[in-house]
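Kindly produce the complete structure, drawing on both the sequences and the hints.
Protein chains: 2
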Amino acid sequence: MVVKMFNIAILGFGIVGKGVYEVLKENGDRINAALGNNNKDASINIKYILDRLEFKGHPLADRVTQDYAMILADKTVSVVVETMGGASPAFEFSKAALEAKKSVVTSNKEVVDKHGDVLIEIAARNGVSYMYEASVGGGIPIIHPLQNCFLANKIIKIAGILNGTTNFILTKMSEEKMPLEEALSIAKAKGYAEANPHADIAGLDSARKICILAGIAFGRYLPFNRITVIEGISAVTAEDFEAADKLGYTIKLLAVAELVGNRAKLLVAPHLVKKGSLIAAVNDVYNAIVVTGSAVGEVVFYGQGAGSLPTASAVVTDVLEILKSHPKAISRAALEDGFLLPSNAFGDKTATLSNGSVYRLY
Amino acid sequence: MVVKMFNIAILGFGIVGKGVYEVLKENGDRINAALGNNNKDASINIKYILDRLEFKGHPLADRVTQDYAMILADKTVSVVVETMGGASPAFEFSKAALEAKKSVVTSNKEVVDKHGDVLIEIAARNGVSYMYEASVGGGIPIIHPLQNCFLANKIIKIAGILNGTTNFILTKMSEEKMPLEEALSIAKAKGYAEANPHADIAGLDSARKICILAGIAFGRYLPFNRITVIEGISAVTAEDFEAADKLGYTIKLLAVAELVGNRAKLLVAPHLVKKGSLIAAVNDVYNAIVVTGSAVGEVVFYGQGAGSLPTASAVVTDVLEILKSHPKAISRAALEDGFLLPSNAFGDKTATLSNGSVYRLY
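If you're matching them up, the sequences are chains L and B in order. The first sequence begins at 121 in our numbering and counts up by one. The second sequence begins at 121 in our numbering and counts up by one.
Some hints here could point you the wrong way.
One copy or any two copies: either way a pair holds, since identical chains are not told apart in the list.
Pairs of lysine-lysine residues, derived as DSBU-like cross-links and limited to a Cα-Cα distance of at most 30 Å, are as follows [said to hold, decoys possible]:
#1 Lys138 - Lys308
#2 Lys124 - Lys195
#3 Lys394 - Lys297
#4 Lys221 - Lys145
Please keep in mind that the hints were generated in silico from the structure rather than gathered at the bench.
This is the structure:
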């Protein structure tokens with residue numbers, strides 16, 4: 121049996137970087153199967169962690185380094201995971217990795233928004249990949265489907281709730297009729313908002329993300345600082361929600377990229393959304409992205425737009441897509457080995473309606 | 121410039137088969153770009169249509185044949201699109217194509233449910249692909265993301281509204297308080313239900329689809345005739361909706377595949393669904409699939425679960441994935457060429473609330 125070990129380096133061991141470590145640890149079997157055509161001994165090894173911190177007592181303490189040149193020079197490292205955040209030095213580090221013929225996987229929306237086109241091109245020139253699924257929508261598969269699943273379509277429009285912090289605040293304001301400041305305090309207390317929440321509240325975070333999506337959909341470099349309408353949520357009041365409610369609406373911060381003829385319309389702003397619609401049902405820190413294709417119509421992707429494990433799930437999926445050879449075989453053994461649970465063992469909760477009908481509860 | 125022509129054959133020129141022709145015709149530029157690394161002259165040619173019908177005057181009349189052996193023997197045909205429906209002879213034809221080293225793309229859930237594992241294995245042995253994105257959820261990307269975007273997760277549960285016909289009927293019953301028979305008549309009149317709607321109403325169609333998804337998620341062959349709980353919608357009454365409403369619920373036909381320890385729970389049944397939740401907002405002929413992964417949590421995919429163009433979009437995407445080499449470059453030219461529409465040209469509709477606040481309408 122061929123044992124194959126893939127070495128990676130993680131740049132920045134913060135919330136997402138630590139999540140990558142956790143996801144790799146918890147999903148060893150599945151990841152190894154995805155890597156090695158049933159080679160159970162294939163695996164991913166975190167060889168280096170570039171971070172200023174020391175990790176005394178941490179199981180990975182011996183991998184920590186501040187010497188990026190050493191990582192670049194190590195030919196056994198095939199993938200660099202960039203979870204540093206901030207435009208610099210993340211951009212320079214990513215560029216150097218690609219030029220050293222190492223693929224780069226990132227969760228860093230600032231770098232992708234500012235320099236994505238350049239890094240994609242450098243990657244192609246060096247025969248490696250620059251992957252950024254985790255930069256938009258946290259764990260929601262959106263970058264990969266947008267690149268691969270709409271090839272028979274002209275993508276006409278993308279609209280989405282792309283920022284979990286502001287969606288949590290708007291949900292609180294709507295459901296509990298509280299003012300923005302109070303909802304923001306709760307978001308901070310729960311760790312959903314940063315100490316300085318300006319980039320979220322002002323819509324800048326949503327703007328970066330819609331530009332990344334529009335870049336793929338329209339094949340054009342569209343950095344967020346060229347968007348002319350970026351309205352955040354600071355003007356939204358509790359009274360607005362009451363008044364909107366009377367008309368059958370709620371309020372959501374939407375980022376929109378749309379083709380108008382051969383041109384692109386891009387904006388971030390609070391919108392009225394019809395109650396009962398799918399988008400109105402996207403609450404708390406969840407994100408949703410509506411993609412409209414010429415043949416397929418509207419398709420919606422929904423899930424957790426942030427958080428350590430969901431975002432790390434997207435990062436690790438990108439790493440595997442780079443290293444992969446997926447086994448897609450389906451075993452017939454399940455029919456006879458008791459894998460299929462009999463219905464009397466389901467144990468579902470049910471409810472009886474006033475007319476005596478009994479239903480399962482979802 | 122290298123001109124590359126890819127020949128395909130379409131087996132069965134019904135609603136989906138005709139949709140494939142339409143999608144190829146309407147999206148020539150995009151499809152060619154996806155095929156040939158910016159080789160604008162690459163293209164897909166429908167060389168044969170296997171169908172009993174004659175198409176006098178149809179632009180593709182000269183491609184129609186009843187001779188499958190001729191298609192199999194033609195080494196210039198690299199992909200066979202199977203849009204026949206029914207288990208036989210679709211299975212035998214697909215098997216023969218794979219053995220002749222032609223990839224097969226299908227929209228046929230019966231064949232995938234019954235023989236998917238065998239066809240995947242034959243494809244692998246012959247170095248070609250068996251692709252079935254269109255067999256579940258029409259145009260919604262779900263097969264591909266399930267295979268490629270959850271690699272860092274253990275998939276714990278899949279639950280979905282997988283049948284558009286019954287969802288349309290339940291929506292009518294809920295919104296217009298009409299009995300099932302009346303809603304079914306409307307569905308037939310609109311072309312959403314077949315003359316014999318048994319497979320939809322009884323939940324068999326949903327059962328086939330959840331088995332296909334469970335096969336990928338759990339890596340096990342699980343044909344629908346082994347599911348012990350398949351309850352359709354025939355027992356759901358208008359009074360049920362009223363009573364459910366009083367408790368804050370609506371009623372949806374859900375197909376569920378869930379891991380319970382190391383075993384699988386599979387069922388199709390009407391469920392109570394909390395009003396205001398995302399699934400409750402899935403109405404009319406739309407489908408939605410909730411995938412729960414160990415790291416990523418709940419992710420939802422939503423869109424049109426049927427229809428000629430949406431389903432054909434999925435078929436053509438599979439064809440392109442087989443033939444592809446995707447250009448993913450993003451052009452920076454947009455910044456200077458007027459591609460970005462100024463905000464004063466957006467022309468958005470707005471509404472003024474009773475308190476004077478003005479919002480964009482979504």
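Against the structure, the hints:
Only within a single protomer do Lys138 and Lys308 lie at most 30 Å apart by alpha-carbon distance; the minimum there is 21 Å, versus 54 Å between protomers. For the homomeric pair Lys124 and Lys195, the shortest alpha-carbon distance inside one copy (15 Å) is at most 30 Å, but the shortest distance between copies (37 Å) is not. For a Cα distance limit of 30 Å, the shortest separation of Lys394 from Lys297 qualifies both inside one copy, at 18 Å, and across copies, at 21 Å. For the homomeric pair Lys221 and Lys145, the shortest alpha-carbon distance inside one copy (26 Å) is at most 30 Å, but the shortest distance between copies (39 Å) is not.
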